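Novice: Single-letter residue listing:
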Amino acid sequence: QKEVEQNSGPLSVPEGAIASLNCTYSDRGSQSFFWYRQYSGKSPELIMSIYSNGDKEDGRFTAQLNKASQYVSLLIRDSQPSDSATYLCAVTGSGYALNFGKGTSLLVTP
Amino acid sequence: GAVVSQHPSWVICKSGTSVKIECRSLDFQATTMFWYRQFPKQSLMLMATSNEGSKATYEQGVEKDKFLINHASLTLSTLTVTSAHPEDSSFYICSARQGAIYGYTFGSGTRLTVV
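Residue numbers (my numbering), protein chains in the order written: chain F, 678 to 787; chain E, 147 to 261.
Just so you know, these hints were derived from the structure itself, not from any lab. The structure presented is a predicted model; accordingly, all values stated were derived computationally and were not measured.
Partial selection, computed: residues in chain E whose CB lies under 10 Å from chain F: (1) 203; (2) 239; (3) 251.
Yeah, the Cβ is synthetic: ideal placement off N, Cα and C, and Gly gets one too.
From just these sequences and the hints, can you work out the full model?
Specialist: What follows is the structure, encoded as structure tokens:
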């Protein structure tokens, strides 16, 4: 079974700090990797997508991918209280469906 | 940007009745639609994949006769929960794939409560 693993947290960081979220996946054939943010009772919203090894930066967010280690991470710089949410790692599986991890709960404290 | 409109946002129904959830892609053609279910404190679990004009492919453990999926057009996919029971109470979310470049667009979700 294809699995996506995340530490459920909660991960607590002070405002202004860097939050580091990690994800591992089991399917070596996966080609596309995504980070979504989900607020309670809401649908996921896309934060970052990454398709090749290395880093990808977008504003305060940096996604890192290492296919050899089957590892994806998300760094959030200058964390804000509004960043407090559950962060879902998603990886494409067969038929292009996304397989989601259980999510990491992030709490940014003022 | 791409929008997937999902209705209703929430629904309460009596045990034994059926409920239909609609997802419409408003400004693009969704050749593939994915349906997910999310229980409290859990992640999104893929229920089925539907392609326009063909039968849906269900994930292992999902009852296809209970969760009827219709993808009759490139802009509309529906999920019908038949003979709903309290254990079907969950958050149902659809997602459309636009292709390799544009990725995935999610509907706003439907909170189903069966009483």
